[in-house]
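Since the structure of chain R is already known, use the hints to place chain E on it.
Listed below are the residues making up each chain.
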Amino acid sequence: MSLRAFHLLFIALSVMLAAFCAAWAMDQYRVDHRGLLIVGAVGSLIAACGLAVYGTMFQRKTRNL
Amino acid sequence: MNIPYTVEERPDTGLANGKLGIWLFLASEVMLFGALFSAYIILRVGALEWPHGELSIKLGAINTVILISSSVTMVMAWASLKMNEWGKHRLYLTLTFVLALVFLINKYFEYSAHLAGGEGPSHSTFLAIYFTLTGLHGLHIVGGMIVMGYFLGPGSKMWKTSPEQFANRIEYTGLYWHFVDLVWIFLFPVLYLL
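Residue numbers (my numbering), protein chains in the order written: chain R, 1 to 65; chain E, 1 to 194.
It is possible that some hints are incorrect.
To be verified - With a Cα cut of at most 30 angstroms, we get these calculated BS3-like pairs of lysine-lysine:
hint, chain 1, residue 1, chain 2, residue 2
1, E, Lys58, R, Lys61
2, E, Lys160, E, Lys88
3, R, Lys61, E, Lys88
4, E, Lys157, R, Lys61
5, E, Lys107, E, Lys58
6, E, Lys160, E, Lys82
7, R, Lys61, E, Lys160
8, E, Lys82, E, Lys157
9, E, Lys88, E, Lys157
10, E, Lys88, E, Lys107
Claimed, not checked - Now the stretches of chain R that chain E is said to cover, found in silico as 3 or more residues with beta-carbon under 8 angstroms:
hint, region
11, 1 to 9
12, 17 to 27
No lab work stands behind these hints: they were computed from the structure. For glycine and all other residues, C-beta sits at the position ideal for the given N, C-alpha and C.
Just chain R, with the same shape it has in the complex (with noise of 0.2 angstroms):
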């Protein structure tokens, strides 16, 4: 495996892992009300769909490496 097709791998699973870390925000909070986790739930959603555009860029970008 490259280091292309192991990159792309690995955003991949970046991507789950951030909306893991949303869904467990999100659980976290119906238990106890913060603000803070609420901040965090967007958060890794916002970062989960940047690190889908970032990795379907990366795909079409170096196709020719």
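Only chain E this time, still in chain R's reference frame:
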């Protein structure tokens, strides 16, 4: 005497020597961390109580962002070499090195807070497995920094004599670095969140 297949792929494996070597090494690393993760699962399943909220999620999350960013800069360092952009390669490799250093500084503060409060590895089973897993991971970060430091310093001379072989070496360093980052991607939720 030249060692064959340092640049081109071997006909039998379809890989250059270095790539086969790094993947064999990473396979042994998977077994090492896999054994420790298994130990964690067995200890947790067998425990009557498992502590929650003992670690700083904020510091752990910051370190996660740092390592994901460092994997991006690492792959950019390799891609820059492939596009013959030496200056950009140096910039991205230096950035990766600095991000690794920031990760370790963060970890130092985290460890110091625990140790100052008398919460060393002997304090509880959770802290024993926490220090073992993150300590071993931290040593891997230091190992990666030594390799990057070499390629930023004396090892960079190879770019002039054998650019393709140098690019391959940076790729293998990147594979190792991604593996180290991947271990953290599993460590963070397991130790800090669950």
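Please flag the earlier hints that this structure goes against, numbers listed from lowest up.
Result: hint 1 breaks, nothing else.
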